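Taken in sequence, the protein lines are chains A and B. Letter 119 of the first sequence, counting from 1, is numbered 119 in the numbering used here, and no numbers are missing. Letter 39 of the second sequence, counting from 1, is numbered 667 in the numbering used here, and no numbers are missing.
There could be a bad hint or two in this list.
Said to hold, decoys possible - Calculated Cβ distances over 10 Å to all of chain A for the following chain B residues:
(1) M629
(2) D632
(3) V633
(4) P634
(5) E637
(6) E638
(7) V640
(8) G675
(9) C697
(10) Q699
(11) T700
(12) A701
(13) L702
(14) A703
To be verified - List of simulated lysine-lysine pairs, BS3-like, C-alpha gap at most 25 Å:
(15) K664(B) - K209(A)
(16) K470(A) - K29(A)
(17) K690(B) - K435(A)
Keep in mind that the hints were calculated from the coordinates and are not lab data. Everything numeric in this text was worked out from a predicted model, so none of it was measured. A virtual CB, placed ideally from N, CA and C, is assigned to each residue, including glycine.
Below, each chain spelled out in residue letters.
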Amino acid sequence: MTGTDPLVALVGPPNAGKSTLFNTLTGLKQRVANYPGVTVERRSGVVDEPVGSVEVIDLPGVHGLSPRSLDQMVTRDVLMGNLEGGRQPDAIVLLLDATRLRSHLMLADPVLGLGIPALVVLTMGDELGRRDGAVDPTALAAELGVEVTLVNARDPSTLGTVRRFLRALHTGGEELRACPAIAVADAAASEHHPGRPLPVVDLFAERRKRARALGRSADFRDPRPSRMTQRIDALVLHRLWGPLLFLVVVALVFEAIFTWAIPLMDATEAGIGASGEFVAGLLPDSWFRALLIDGVWAGVGSVVVFLPQILILFFFIAILEDSGYMARAAVIADRVMHRVGLQGRSFLPLLSAYACAVPAVMAARTVEDERDRIATIFVAPFMTCSARLPVYALLIAAFIPAGSLIGPLGWRAAVMIGLYALGLAAALVTAAILKGTLLGGRSAPFVMELPPYRLPTLRSVLNRLLDRTKIFLRRAGKIILTVTVVLWVLTQFPRAPVGGAPEIGDSALGQIGQVIEPAIEPLGFDWRIGIGLVTSLAAREVIVGTLGTIYGVENEGEADFELQAALQQDLDLGSAVALLIFFVFALQCMSTVAVMRRETGGWGWPALQFSYMLALAYAGAWVANALL
Amino acid sequence: MLADVPLDEEVVLVRMDVDGEDVEALLERGIVPGCKLCPVRHAPAGGPTVYRVDGDLIALRKDLASCLCVQTALAARRSPAEGRKGAARQAPEPAGVVDAT
Ligand SMILES: Nc1nc2c(ncn2[C@@H]2O[C@H](COP(=O)(O)OP(=O)(O)OP(=O)(O)O)[C@@H](O)[C@H]2O)c(=O)[nH]1
Ligand SMILES: [Mg+2]
Chain A
1 MTGTDPLVAL VGPPNAGKST LFNTLTGLKQ RVANYPGVTV ERRSGVVDEP VGSVEVIDLP
61 GVHGLSPRSL DQMVTRDVLM GNLEGGRQPD AIVLLLDATR LRSHLMLADP VLGLGIPALV
121 VLTMGDELGR RDGAVDPTAL AAELGVEVTL VNARDPSTLG TVRRFLRALH TGGEELRACP
181 AIAVADAAAS EHHPGRPLPV VDLFAERRKR ARALGRSADF RDPRPSRMTQ RIDALVLHRL
241 WGPLLFLVVV ALVFEAIFTW AIPLMDATEA GIGASGEFVA GLLPDSWFRA LLIDGVWAGV
301 GSVVVFLPQI LILFFFIAIL EDSGYMARAA VIADRVMHRV GLQGRSFLPL LSAYACAVPA
361 VMAARTVEDE RDRIATIFVA PFMTCSARLP VYALLIAAFI PAGSLIGPLG WRAAVMIGLY
421 ALGLAAALVT AAILKGTLLG GRSAPFVMEL PPYRLPTLRS VLNRLLDRTK IFLRRAGKII
481 LTVTVVLWVL TQFPRAPVGG APEIGDSALG QIGQVIEPAI EPLGFDWRIG IGLVTSLAAR
541 EVIVGTLGTI YGVENEGEAD FELQAALQQD LDLGSAVALL IFFVFALQCM STVAVMRRET
601 GGWGWPALQF SYMLALAYAG AWVANALL
Chain B
629 MLADVPLDEE VVLVRMDVDG EDVEALLERG IVPGCKLCPV RHAPAGGPTV YRVDGDLIAL
689 RKDLASCLCV QTALAARRSP AEGRKGAARQ APEPAGVVDA T
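Isolated chain A (complex conformation) (with noise of 0.2 Å):
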C-alpha cells in the first residue's frame, strides 16, 4: 500500500451495504451485520486492478455530515481531509440502499454536494427487484450529474461499473465527474432567505422535498412491504410471544454451549493430550521438556479446550444479527434501558460486550448523547465477555450436577444463565445509579431503524467464527503463553537442596502465593486460586492456564491430570461459588482499561471503574462463601 495509491471513502446510511461492498472489493474480512451502526472506525483496504491499485475507506454509517455523533464524526473528519496525516479522498462511492431510496436519497445532496468525483451506488437491486419496486439508475445519474449504478453488493458480477469507476482514478476516465450543481436544495434554499441560515426543521423539508423530485425522476417505485418481515415482526414483537420466544433463544443458546460443545471439547483435549505426549516422546528428558509439557502444553491446552463453547455462542451471535433479529431485541430491551436511563441505543454496545468490552466500548460511540456514551462505556464491562467463559464452564462442570433443572434445560445451563442475568442486573443497577448521580441529565430519545429480515449468509457467519478463533487463539499464543511460562519459572526456584525442583508450596510462586492468601482467605480462596486472580488481571481467562500450570506442575508425572479433578480438591461448592462471583463483577481486563481511557480522554473513568468493579467482586465473593 503506497501512500499515492488514489483514495476512495464508502459513504452512505447506516446499513446500506458499505462494508460488504468493501468486502467483495478487496477480499478482507470486515463485519457485516444486519443491524445499523455497526462500523464505527475507518478502515482501510487496497483493491487491485491491471491499471494500478486504489486504496478504499470503509466508514461509519451516517445521515448526514453533521458532527452530532462521535462516529458521524470519522466519517465527517475523512471527508474534510481533516484527518490526521489524512488528505482528502480522490473520490466517494455513496451508496444508497435501493429499497429505501425515499431517505436515503436526502444524503445525496450534502455529499455530493461536496465537490469530489462521485459515483452514486444503489445497493440492495435484488431486494428492490424481488419485492416489485423499480428505479432508473440512468434517469437518477441525468438528474444527478453523476454515474450511478444498481448492484448487489454481495455478488462481484454485478460490480463492473464500480470497478470501471475506480480504475478511471487512473487513467482519468470520464467516470470521474463531481456532482455539477452543488448542494441543489441547500444552495436553493437559502437563496429564499438571503444571509440567514435555515432553521434545520425547515432545510430538511427542502432536503425531503428534494429527494422526492429526485426518486420521482428516477422513477422510483417503492418496494412492497416485505411480507416474511411482516410476519416474523407479528411473532418477534407479539406482546406474549415475543418476550417467550427471547427466553427460549437464550436458554437455547446456553443449552448448546454445554451440550453440543461436548463432543468437539472432548475432541479438542484428546488432540492436546496426544501432540503434547507425541512431543514429549521427541525431546530427551530435561528441563525444557518440563517446561514445554507441564508449563506451556497443560496451561496454553488447558484455555484452548474452551474454543467450541466460544465458537458456539458466536454461531448464534451471528446468525441473530445477521438475520435482523438483534434490532428488534434493542426494541423490546429500550423500556427496561430506558427505566435505567439508558436507552435502546446502548444496546448494541452492551450486546457486542457478550463478545469483548473492548469493541463495545468503541461501538458506544453510535450513542449520540455523551454522557449515554459514558455510562454505556462503564457498564459494559459487566456484560459476560467471552474471556469469562472458559472460567466458568471449568468451574460449572466442576462444582454442579449435570442433572435437569426443568425439561430439557440442565442446572449447568441455567448456573450459566443466572450468572449472565447477574452481570447484566449489575450493569443496569450500575447504570442506574449514575444516571441517578454523576450522569443525570435529560434522557436522549430513542429512534431506531428496523432492517427487514434477511437470511444469514455463510460467508458472514464463517467470517465472524474466524475472526473470534483468530483473536482467542492468539490471545493464548500471546498472554497465556508469556504468563505460563513466567510462571513456570517462578515454580522452579529456588532448587531444593538435592538440585531437583521444589515442592510447588515452598517455590517463588508458592511464596508470592503466601504473601496474597490473608487477602482472599474470607473468599474461601488458597494461595493457587490467589495466584491465578493476579495473573488473571492481564486477562481472565488467563486464570484457567495458570490453574493448568500450577496442578501440571504439582502432578508433574502423571500424564492426564484433570483441572476438574485437581480443583474439587481445592475449592468446595461454597468458594467455588465465590470464585464465579468475584469473575462476574471485577474488572480483570488490561485491554479493556486501556480502551476506556482513550475513549473518555483520561484516567479517572477507568480508575472509578476498576475501584468499583473490584469492590463489589470481593463483597459479593464474601458474600457466597459465607452463605453456602
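Place chain B with the ligands on chain A using the hints.
Chain B with the ligands in isolation, oriented as in the chain A frame:
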C-alpha cells in the same frame, strides 16, 4: 399526537415540538413535516412503537411520539398550507447550519 394514532392508520406529520438537539435525529431519518407515518406494531409491555415512514420501519418511544403533531391523511390533503406554517416555528439549530454550508 402521533402517540394516540391507532395501529394501521396513516397520518401526516404536521409539527415537531422536539428539542433542537433531538429533532435532528428524526429529521435525518426522513421524519420531516409532510411525511407520512403509520403505526404498525407496539413492542411488548409498553415499549416503543414501530412506525412505517416512507417505506422504512422506525421505532419511537411514546414520549417522543407525543411530541409529534399529526393529522389524518385526508385532513392534510384539504389544508396543505397548515403543515408549513407549523414547521416554521422551529428555532435555528447550529448543527443544521454547518450542514448547509
Ligand atoms: N440482499 C442484499 N443484502 C445486502 C446487500 N448489501 C448488503 N446487504 C446486507 O445488508 C446488511 C448490512 O450490510 P453492511 O455491509 O454491514 O452495512 P454497512 O453499510 O456497512 O452498515 P454500518 O456499518 O452499520 O453503517 C448485511 O446483512 C448485508 O449482508 C445487497 O446488495 N443485497
Ligand atoms: Mg459497516
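How the hints compare with the structure:
1. Even its closest Cβ contact with chain A, about 15 Å, leaves M629(B) beyond 10 Å, as expected for a residue assigned away from the interface.
2. Its beta-carbon lying about 18 Å from the closest one in chain A, D632(B) satisfies the requirement of being farther than 10 Å from that chain.
3. The claim that V633(B) lies off the interface holds: its Cβ sits roughly 17 Å from the closest Cβ of chain A, which is beyond the 10 Å cut-off.
4. Separation of P634(B) from chain A is adequate, the least Cβ-Cβ distance of about 16 Å exceeding the 10 Å criterion.
5. A cut-off of 10 Å between C-beta atoms confirms that E637(B) is not in contact with chain A; the least separation is 16 Å.
6. Non-interface status of E638(B) relative to chain A is upheld: no Cβ of that chain comes within 10 Å, the nearest being about 13 Å off.
7. Every C-beta of chain A lies more than 10 Å from that of V640(B), the closest at about 13 Å, which supports listing it as non-interface.
8. Against chain A, the non-interface label of G675(B) is violated: not every CB pair exceeds 10 Å, the least being about 4 Å.
9. Taking the minimum C-beta to C-beta distance to chain A, about 12 Å, the non-interface status of C697(B) holds against the 10 Å cut.
10. The claim that Q699(B) lies off the interface holds: its Cβ sits roughly 16 Å from the closest Cβ of chain A, which is beyond the 10 Å cut-off.
11. For T700(B), the non-interface assignment is confirmed: its Cβ lies about 20 Å from the closest Cβ of chain A, beyond the 10 Å cut-off.
12. At roughly 16 Å, the least C-beta separation between A701(B) and chain A is larger than 10 Å, which holds for a residue marked as non-interface.
13. Distance check for L702(B) against chain A: the nearest CB is about 20 Å away, which clears 10 Å, and the non-interface claim stands.
14. Under the 10 Å C-beta cut-off, the non-interface status given to A703(B) relative to chain A holds; the minimum distance is some 19 Å.
15. Only pairs whose Cα atoms come within 25 Å are accepted, and K664(B) paired with K209(A) is accepted, the gap being roughly 13 Å.
16. Taking the CA atoms of K470(A) and K29(A), the gap is near 12 Å; set against the 25 Å cutoff, the hint holds.
17. Between the alpha carbons of K690(B) and K435(A) the distance comes to roughly 21 Å, so the proposed pair stays at or under 25 Å and holds.
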